[in-house]
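Make the full structure from the sequences, and use the hints.
Number of protein chains: 2
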Amino acid sequence: MGEVKVIGHTGSLFCTRIEWALKIKGVEYEYLQEDLMNKSPILLKYNPVHKKVPVVVDGEKPIAESLVILEYIDETWKHNPLLPQDPHERALARFWAKFADDKCLIGAFEAFWKQGEEKEKAIESAVESFAFLEKEIKGKKFFSGEQIGYLDIVMGWIPHWLNVMEEVGGMKLIDAENFPALHEWTQSFIEIPIIKQVLPPRMLSLAANNQ
Amino acid sequence: MGEVKVIGHTGSLFCTRIEWALKIKGVEYEYLQEDLMNKSPILLKYNPVHKKVPVVVDGEKPIAESLVILEYIDETWKHNPLLPQDPHERALARFWAKFADDKCLIGAFEAFWKQGEEKEKAIESAVESFAFLEKEIKGKKFFSGEQIGYLDIVMGWIPHWLNVMEEVGGMKLIDAENFPALHEWTQSFIEIPIIKQVLPPRMLSLAANNQ
Numbered sequence: 001m002g003e004v005k006v007i008g009h010t011g012s013l014f015c016t017r018i019e020w021a022l023k024i025k026g027v028e029y030e031y032l033q034e035d036l037m038n039k040s041p042i043l044l045k046y047n048p049v050h051k052k053v054p055v056v057v058d059g060e061k062p063i064a065e066s067l068v069i070l071e072y073i074d075e076t077w078k079h080n081p082l083l084p085q086d087p088h089e090r091a092l093a094r095f096w097a098k099f100a101d102d103k104c105l106i107g108a109f110e111a112f113w114k115q116g117e118e119k120e121k122a123i124e125s126a127v128e129s130f131a132f133l134e135k136e137i138k139g140k141k142f143f144s145g146e147q148i149g150y151l152d153i154v155m156g157w158i159p160h161w162l163n164v165m166e167e168v169g170g171m172k173l174i175d176a177e178n179f180p181a182l183h184e185w186t187q188s189f190i191e192i193p194i195i196k197q198v199l200p201p202r203m204l205s206l207a208a209n210n211q
Numbered sequence: 001m002g003e004v005k006v007i008g009h010t011g012s013l014f015c016t017r018i019e020w021a022l023k024i025k026g027v028e029y030e031y032l033q034e035d036l037m038n039k040s041p042i043l044l045k046y047n048p049v050h051k052k053v054p055v056v057v058d059g060e061k062p063i064a065e066s067l068v069i070l071e072y073i074d075e076t077w078k079h080n081p082l083l084p085q086d087p088h089e090r091a092l093a094r095f096w097a098k099f100a101d102d103k104c105l106i107g108a109f110e111a112f113w114k115q116g117e118e119k120e121k122a123i124e125s126a127v128e129s130f131a132f133l134e135k136e137i138k139g140k141k142f143f144s145g146e147q148i149g150y151l152d153i154v155m156g157w158i159p160h161w162l163n164v165m166e167e168v169g170g171m172k173l174i175d176a177e178n179f180p181a182l183h184e185w186t187q188s189f190i191e192i193p194i195i196k197q198v199l200p201p202r203m204l205s206l207a208a209n210n211q
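Line by line, the protein sequences give chains B and H. Numbering of the first sequence is given in UniProt numbering, commencing with residue 1 and proceeding in unit increments. Numbering of the second sequence is given in UniProt numbering, commencing with residue 1 and proceeding in unit increments.
Do not take every clue at face value.
Remember, identical chains collapse to one label, so a pair may be satisfied in a single copy or spanning two.
For lysine-lysine, the following DSS-like pairs were computed, each having C-alpha atoms within a straight-line distance of at most 30 Å [said to hold, decoys possible]:
1. LYS119 with LYS61
2. LYS98 with LYS51
3. LYS98 with LYS39
4. LYS138 with LYS45
5. LYS114 with LYS5
6. LYS138 with LYS119
7. LYS61 with LYS98
Since the hints were derived computationally from the structure, they do not count as laboratory data.
Right, dumping it as structure tokens:
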């Protein structure tokens, strides 16, 4: 196994996923902090298509796209598995990961950015999407069961970044009253030492994800 | 292994992916043709989140989202593998699949729908995206090597549906002169009996993907 590098940015929720996964696996890595306003030759070399963080470089092999990287990490270092073993459970995890990214994350960003009537509509739509997650997490400690896994990592932006978005955007998408199970999950998740240790200062979190 | 059902629509490029994969694996399935204007109780039961085709029901286990279904098929029936075995090659296949869906497919639809100056911009942007695929396929017979695999199946809308979009939309995104390798691939791909056999009549193809 070659040396592992993560090209990332501290405030990026997509990069945090990668650091969490590597820490769960106990893989050591060098973190190359990217200046997103002045992208480095190494980023342009290893992700010439999108020119975005995160990129993992394993030896000389680059991998981009955070969900793709998570699968790579899980297939390369097989201990402490992130995805379930059963094909149908794996499919469900991938389904909800895509749903959370396509509907909840983008929905939350839209609710954050938009104004007036459009904001109201975006909030309503995002809340509808989060309701599916509430149903999914109900009765479980973590999305992946008793221990955190792939899906918890993918949803890991909710406790920190969603909170920042809600505060700065003057809105509430998941309150404790209407989303008790999701709310409880955010509390349990964020208290895990390995999770807490990678979270950025709140100030950085919005800037880095609005590239 | 229970009985396999595919809830789909003949004209949908996302459904065709699933049929190709099952045929490559030699898995028999029952095809439930969905009326997209009047969705069936079985579709609403098995894909309550998106209410979209394709859905595969394996025994009583439903799986939705075409890329997720392809991974499920590959993990459940392991012969004639669709994805490569090496983790880095798997990551590259997943990366390009996402790129093709997010950039080329959506780009082609935008170029198809938009009008005037917006259409020109959309065409330019789509052509830039296809240029990455041209670079990827150059020097190879198929995206997956000597035999078709996951990535060829994912790109499989190009020979048929892109052609229909180009014709109806009055535009040309990948001509033989500027995209010789991609063009050659479309010819080789579409001539494979298992591929040809599932392609819908041209008339159906646009209607079903504009839900």
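Status of the hints after comparison with the structure:
1. LYS119 with LYS61: Cα proximity of LYS119 and LYS61: none, with 42 Å in one copy and 37 Å across.
2. LYS98 with LYS51: So LYS98 and LYS51 pass the 30 Å test inside a copy (21 Å) and across (15 Å) alike.
3. LYS98 with LYS39: This pair counts as both: shortest intra-copy Cα distance 28 Å, inter-copy 23 Å.
4. LYS138 with LYS45: Between. Shortest inter-copy distance 20 Å satisfies the 30 Å Cα cut-off; intra-copy 44 Å does not.
5. LYS114 with LYS5: For LYS114 and LYS5, the Cα distance exceeds 30 Å both inside one copy (36 Å) and across copies (42 Å).
6. LYS138 with LYS119: within (28 Å within a copy, 46 Å between copies)
7. LYS61 with LYS98: Answer is both; intra-copy 25 Å and inter-copy 19 Å each pass.
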